[in-house]
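Participant: Just need the whole structure built from these sequences, with the hints factored in.
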Amino acid sequence: MDAAASQIVQHVPELALAGALAWGAGIRLYLVVFIFGLASALGYWQLPEHLALLAHPLVLFAAGFMTIVELFADKMPLLDTIWDAIHTFIRIPAGAALAAGVFGDSGAAVTLAAALLGGTLPATTHFSKASARAVVNTSPEPFSNAAVSLAEDVLVAGGSWLAVSQPLVFLAILAVFVLAAVLMLRWIIRGAQRLMRRPDDVVRSGTG
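Heads up: the sequence shown is residues 2 to 209, going by this note's numbering.
Keep in mind the hints are simulated off the structure, nothing from the lab.
Positions of the beta carbon are idealized from the N, C-alpha and C atoms, including for glycine.
Careful, some of the hints might be misleading.
[Unchecked claim] Within a straight-line C-alpha distance of at most 16 Å, the following computed EDC-like cross-link-like pairs (lysine to aspartate or glutamate) qualify: (1) K76 / E153; (2) K76 / D154; (3) K76 / E142.
[Stated by the list, open to error] Listed next, with one range per pair, are the computed distances between beta-carbon atoms: (4) G105 / L151: 33 to 41 Å; (5) W162 / L72: 14 to 22 Å; (6) A109 / T139: 40 to 48 Å; (7) A135 / V13: 33 to 41 Å; (8) L117 / F73: 27 to 35 Å.
Facilitator: As structure tokens, this is what we get:
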């Protein structure tokens with residue numbers, strides 16, 4: 002048991018990195034790729050061998066350009082909904098690939114497990130983000146959408162820094178975040194189900 006615990010502690014930085022990449026991919030894929038790629042290119046952080054490509058100038062340019070595009074697109078109430086819908090098919094597999102890349106040298110089984118968990122985490126964050134933004138978009142004024150979007154930018158940047166500087170703290174906060182995201186998704190789904198039932202109730206009461 003002690004050996005297993007020491008192994009887990011030994012791999013905490015890798016776990017935090019994989020968690021940050023997968024979690025960030027579900028919210029701001031291009032931003033999290035740009036942050037870690039730039040940090041590696043500048044010598045502040047050494048990426049695992051299978052993710053060293055993130056520091057390549059072409060990848061940095063593409064990620065930086067798409068980060069700028071997303072920063073603007075995500076703050077437009079209608080455009081951000083379309084953007085999230087399209088990125089359902091991009092963020093989740095990208096998060097899985099990034100998480101798997103962290104453990105690329107740890108064997109096929111570990112890499113596959115990381116990919117499975119890495120796909121679940123961005124799926125949770127992505128659908129939570131998209132659902133929350135859909136609720137915010139019902140507000141008639143445009144400022145709340147921009148404020149929430151800006152908060153997401155800061156959250157991803159801060160989370161990336163925390164994963165590197167305080168991996169244990171990040172993993173603890175990440176666990177709470179995932180639990181809160183799951184509870185929020187359940188609340189939103191139940192609310193949507195109630196809204197869908199109301200017209201039926203009105204029809205039934207009218208015919209009765």
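Participant: Evaluate each hint against the coordinates.
Facilitator: Hint-by-hint comparison with the structure:
For the hint pairing K76 with E153, the CA-to-CA distance comes to about 11 Å; that is within 16 Å, so the pair holds. Proposed proximity of K76 and D154 is supported: the alpha carbons are some 11 Å apart, at most 16 Å. For the hint linking K76 to E142, the alpha-carbon distance of about 12 Å falls within 16 Å, and the restraint holds. Between G105 and L151 the beta carbon distance is about 34 Å. The supplied range of 33 to 41 Å therefore holds.
Distance hint check: the CB atoms of W162 and L72 are about 18 Å apart, consistent with the given range 14 to 22 Å. For A109 paired with T139, a C-beta distance near 46 Å keeps the hint of 40 to 48 Å intact. Under the hint 33 to 41 Å, the C-beta atoms of A135 and V13, about 35 Å apart, fit the expected range. At about 33 Å, the beta-carbon gap between L117 and F73 stays in the expected band of 27 to 35 Å.
When each numbered hint is compared with the structure, no violation occurs for any of them.
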